[in-house]
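J.: Protein chains in written order, with our numbering: chain A, 1 to 228; chain B, 1 to 205.
Do not take every clue at face value.
Claimed, not checked - The calculated label-pair distances, taken between Cβ atoms and stated as ranges, are:
(1) Lys170/B - Asn221/A: 26 to 34 Å
(2) Val176/B - Phe190/A: 24 to 32 Å
(3) Leu58/B - Asp110/A: 27 to 35 Å
(4) Ala114/A - Glu66/B: 16 to 24 Å
Bear in mind the hints are in silico, worked out from the structure with no lab data behind them. By construction, the Cβ of each residue, glycine as well, lies at the ideal position given by its N, Cα and C atoms.
Take a look at the letters that make up each chain.
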Amino acid sequence: MADTVEEVVNKESEPLFSKKNRKLLTDPLDDDNPITVQVLGICSALAITVQVQQALIMALSVLFVMIGGNLMVSLIRNVIPNRIRIIVQLVIVAFLVILVDQILKAFVYDISKALSVFVGLIISNCIIMGRLEAFALGNKPGPSVLDAIGNAAGFGWILIAVAVVREVFGSGTFSLPGMGQVNLIPEAFFNMGYMNNNMMILPPMALVTVGVIIWIQRSRNTKLIEEN
Amino acid sequence: MQELVSIFVKAIFVENMIFAYFLGMCSYLAVSKTVKTGVGLGAAVIFVLGITVPLNYLIENYLLAEGALTWLDPSFAAVDLSFLSFIMFIAVIASMVQLVEMIVEKFAPALYGALGIFLPLIAVNCSILGGSLFMQERQYSDIVEATAFSLGSGVGWFLAIVAIAAIREKIRYSDVPAPLRGLGITFIITGLMGIAFMSFMGVEL
Chain A
1 MADTVEEVVN
11 KESEPLFSKK
21 NRKLLTDPLD
31 DDNPITVQVL
41 GICSALAITV
51 QVQQALIMAL
61 SVLFVMIGGN
71 LMVSLIRNVI
81 PNRIRIIVQL
91 VIVAFLVILV
101 DQILKAFVYD
111 ISKALSVFVG
121 LIISNCIIMG
131 RLEAFALGNK
141 PGPSVLDAIG
151 NAAGFGWILI
161 AVAVVREVFG
171 SGTFSLPGMG
181 QVNLIPEAFF
191 NMGYMNNNMM
201 ILPPMALVTV
211 GVIIWIQRSR
221 NTKLIEEN
Chain B
1 MQELVSIFVK
11 AIFVENMIFA
21 YFLGMCSYLA
31 VSKTVKTGVG
41 LGAAVIFVLG
51 ITVPLNYLIE
61 NYLLAEGALT
71 WLDPSFAAVD
81 LSFLSFIMFI
91 AVIASMVQLV
101 EMIVEKFAPA
111 LYGALGIFLP
121 LIAVNCSILG
131 GSLFMQERQY
141 SDIVEATAFS
151 LGSGVGWFLA
161 IVAIAAIREK
171 IRYSDVPAPL
181 RGLGITFIIT
191 GLMGIAFMSF
201 MGVEL
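Next comes chain B alone, as it looks inside the complex (with noise of 0.2 Å):
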């Protein structure tokens, strides 16, 4: 259990999916001019890191990593198919996107309201096949743990987008230097945000 905790506030502070690697900066920068398109955004991060890390984990154990295959026949022993882990996680995602998206348009239209244009976003959102390729770097030891570091990730990139959205809303009111208005200052907002959360680093626990 104390491990599982571990793992989420590492993935939430220490390994911040924006501001230690940069993933889903893309839609960060873009979606981010109001805290409540952030909430939107983000809210669907969580749910489809949640939902694409621990069946890309169930994908690279028993079907694409060297002798994963044993469970089939014994003699797949030598069998490596990771070089296809790409391919199989971007489908796994962009289909996963595809049908989360349809399940909630029907049993939770008020969700839907709330997610429906982020959703497709997601699809080209590099923290998502950043989640899946960090797991499958760092070998977690089984299905419970992956889903904690998928959850913690998710809720990291979260906390990055509201925080981002909630400043530039006030950052309006200053007097910025024209040419720095709008991409520039963020950037440089997101590097001192960056350079706040390194103070976690090293944290051990």
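Here chain A stands alone, though its shape is the one from the complex (with noise of 0.2 Å):
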């Protein structure tokens, strides 16, 4: 779905469509990615990957705050008062999540039950701040779209590969929304003896996973290597 979206606004956008301008799409997909090299938006991230179904749902909320946010930002820049800027962004993040609440809560309710106050913490999850401080107060609406739906993309992805690793090997299934779970695992495996990894649910794992995550792409990616 994410795609879609991306390719609309890339077609209004067509004389942005820069060189300069796909690299803000691209970086935060790994070089510049919000959750392993900027450690921001960790918070409301980890607890969710449980199913994959949540994640999603999830990763798609944030796109919709992060574009919502940084063109309303961007479009305002230039009047608001430096001093008050911190609350005028939070109000307005504030209202989108308020939005993406009970939409969720109207249209799948199951899942925003599951999602509980992670929703909410939408709010001060620090990527969305972190981008409209560094990316959308200074930036014409354009870019700062680009950069919005690039952001989310890079905190979607990776909260989707954990959700994958931790649902098919903690409870062998598979979800969407609107799907259900499916399972994944054939039963002759489990009458072989396979198990389960109950321990892939617990939420200490997420953790691990994603410094798994940033192992291998740090291994591919050596200039991202930190000193200690």
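Dock the two chains into a complex; use the hints.
T.: Listed below in structure tokens is the structure:
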């Protein structure tokens, strides 16, 4: 679903679609990933990666809030007094999150219940505030929207990758919104003695999974390696 | 009294903000390079949580929840404003942080020197908003219980950040595989600490 949104926006901003703007979209996917490199947005990300459907809904919610927030802040960036900008940003983000929360409650109530407080916590998701501060406050609406899409996609793919690992190994299922959970591991495996690794469902394993993703990413992309 | 102690201890160990819910991870990872800064940020979190959660408890129960406005007029019994809670909570937190910063700067310069730079960071620390949202979800029966919960969560967060900072100070002398250095190993250590903390799960007090 994220892909179609991307295309539409790109078509509208055809003249903006230069090399520099393309970097805004692709950088956050790897070199400047919000979770593994900028270390932002981890708070609300990890707790909801037990099932792929929750992670997907979360990623889409963040995509929506980020595009809306970046666009709105960027449009009014010249009239926000510098001293109260944090509160202005928080109010805009809170407004968008309330919209998301109400929509989720109306259409996917089960998932909204499962996400519990973590929908509200999108407000204080550092990646959103971080991009508003670092990018939308100083750039035109077009690039800001691209930046939002890039970062939300970078955030989303890590989230979904962690969720896939945790769900497949933890409960042996795969789930998408509207489709429910599908068993992935054939019954014969269980008969032969295969067991689901219940540990993957527990919260700490989300951290270890992200740690391993960082490990893989940095072995490939050696310029990201830190001093100690 | 026993009830309060139980809520307090549960919030520190069983429902630890970091290890059970991953709240406030961003600042936890960014500011845990040395024990000194860890202690500063941890103290600021306890402080702000201890103020904002009781305040939001009052707002929730006397303004926002269904039937909360009956103290104004009985005809408001059906009014339910809880969809506004996100925006109210975050506004209270942002303004309280600003206010606390000014008060501390004026009346306790020494404390300000210690907490100063950490206070603004806290407005967007998820554990603060998380504390208020958990308070709303769990429906504590009075403000004292909500305060016990908020202080317990703060102390739990403090413990977690001091522990990881101490480990990170020592791990500098270890030979960590290059791609894991810094962020990667911190994630994995936090995961292991989380597993250790899970031994508290199911403890009834």
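J.: Hint by hint, which ones does the structure fall short of?
T.: Hint check: 2 fails alone, others pass.
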